[in-house]
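A.B. asks: This is what each chain is made of:
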Amino acid sequence: MMRSRVNDILPSLLITLVLLLVLEVASSLIPILGIFEYRLPFNILIVLYLSFRLETPFLPVLVLFIQYIHSFFSIEGWAMGTLAGTLVCILCNYLRELIHLNSIPVTILTTQLFQLIWFGIVSLMIYMKTGETHYVIIKFGRFLPESILMSLISPFLFSFLEKIWRSRDEGILGGSN
Amino acid sequence: MRISEGQNSGRQKIVYYLVVLLLSTYGVSRRSIHMDSLTPFEQLVINIVSPIQKIVSQARTDVRDFIVHYTMNVEASKKNLDLKKDIGQLHEEIFSMQEIALENRRLKSLMDFQDETAAKKVLAQIVAWDSSSDYKMIRINKGSNSGIQLQSPVVTADGLVGYIFRMTDHYADVLTVMDQSNRVDGVVSRTRSHGIVEGYARGKMQMKYINRREPVILNDIVITSGLGHIYPRGIKVGTVSRLERETFSTTQLVELSSTVDFTKLEEVVILVLSYDQMKKQEWDALDQTEEEKLRIVEKEKKMKSREKAKEKEAPPAATKKEKKI
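In order, the protein sequence lines correspond to chains X and G.
Sequential numbering from 7 applies to the first sequence in this note's numbering.
Sequential numbering from 3 applies to the second sequence in this note's numbering.
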């Protein structure tokens, strides 16, 4: 179902942004558990869900909103994530017919694959800005455990987001098209 | 009709994608992590969210304190009797310590000791950390209402933490020295070798642009040079933990461990300097750097002349052997 009006997406978007706020607060407080090296990038997971599941021309704008909220909790800013997220959305758009998240293992694998693509785009941008490969290698060391954990979480978060966006009837998760 | 609607939404989609892509590309190219100003909306969101982060952070401290206090309480009742005996002895030691403190104060006044960081100090607590593992930012519970300013240096008793990167009325984000975007003009305290310290990896920092001939050794202490308008001179940044001197390179790789234990960081001090103070410190640092360089050159000259004199006085070992033969 194409959602081409703002009213179609606004209530779900607001709930998603509130959810993101809560998850970002949780992620920013991970160091109080004594884990200082790793965080959980929920913003990436939400962007991936929207690109997999949502068919709307406003998708890049949604990515922008999500990254803007993320920038309140990170000095990363909104721009780099928005660029990576939008490129991932374009890719998903082309592969839409091939992505069928009809089981938990497939969802985990697909999420892992797209996180890897996201990492590749961001790393390329960092390399273009700093010219340092060592930092990217170190970043990859952090990315692996973080992304695996996020992929394992993804089926549960996606099913929660499913309820918010009521997108089950859109057929991508293996349902009727 | 449906086809035209589809075409319209398709065009709309392309336009949105193009606009967002261009906007974000512009944002990435313009982005420099130096200092950030917040819009009223951003300030509002941070001011709403930060108290929640503060409450959760505080709850963790309370729970930890409760557990620690309970176990300590059990232990304390056992030790109480022993401690009472020790108190008598400690009273005597305190008396002698007080005498030493008084003496110290007198000597300091005699030496005309001055606190180099004549800055207003604001104590703050950490309420949250950066939500991305790529960046090393911390959020503190003091903002512009407490008198702190953008780019105010943040320290602890152990050394440098970072500087205020962005802030609201009640909260501020500190870009720590462990972040790759933060650069500190540093000096190796022993050799006065100059370099730029920046966040590296796995909780380490890297000191760049030190000539490979500089005699830096392990455990050398690196301090701030006072240049760069942000950090006052003489704050401890880290200690040298690894050195690499490649034959093909003109510089050496100097890896530093921070003197501050970031994993146990709970409170920090913000040094608030006025613009004039900062300017003065910068000029002082520049003057002193030149003076120090001259002093080191003179010292080296003296050392060399002494060595030459010694060589002249003592005949070479080879000639002695020859005489014996």
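One or more of the hints may lead you astray.
[As the list claims (entries may be wrong)] Computed list of lysine to aspartate or glutamate pairs in EDC-like fashion (alpha-carbon distance at most 16 Å, straight line):
| id | chain 1 | residue 1 | chain 2 | residue 2 |
| --- | --- | --- | --- | --- |
| 1 | G | K206 | G | E216 |
| 2 | G | K15 | X | E61 |
| 3 | G | K206 | X | E43 |
| 4 | X | K145 | G | D136 |
| 5 | G | K210 | X | E43 |
| 6 | G | K210 | G | D263 |
| 7 | G | K210 | G | D222 |
| 8 | G | K266 | X | E43 |
| 9 | G | K206 | G | D263 |
| 10 | X | K135 | G | D136 |
Since the hints were made in silico from the structure, they are not lab data.
A.B. asks: Mind listing which of the numbered hints don't hold for this structure, in increasing order?
C.D. replies: Hints 1, 5, 6 not satisfied by this model.
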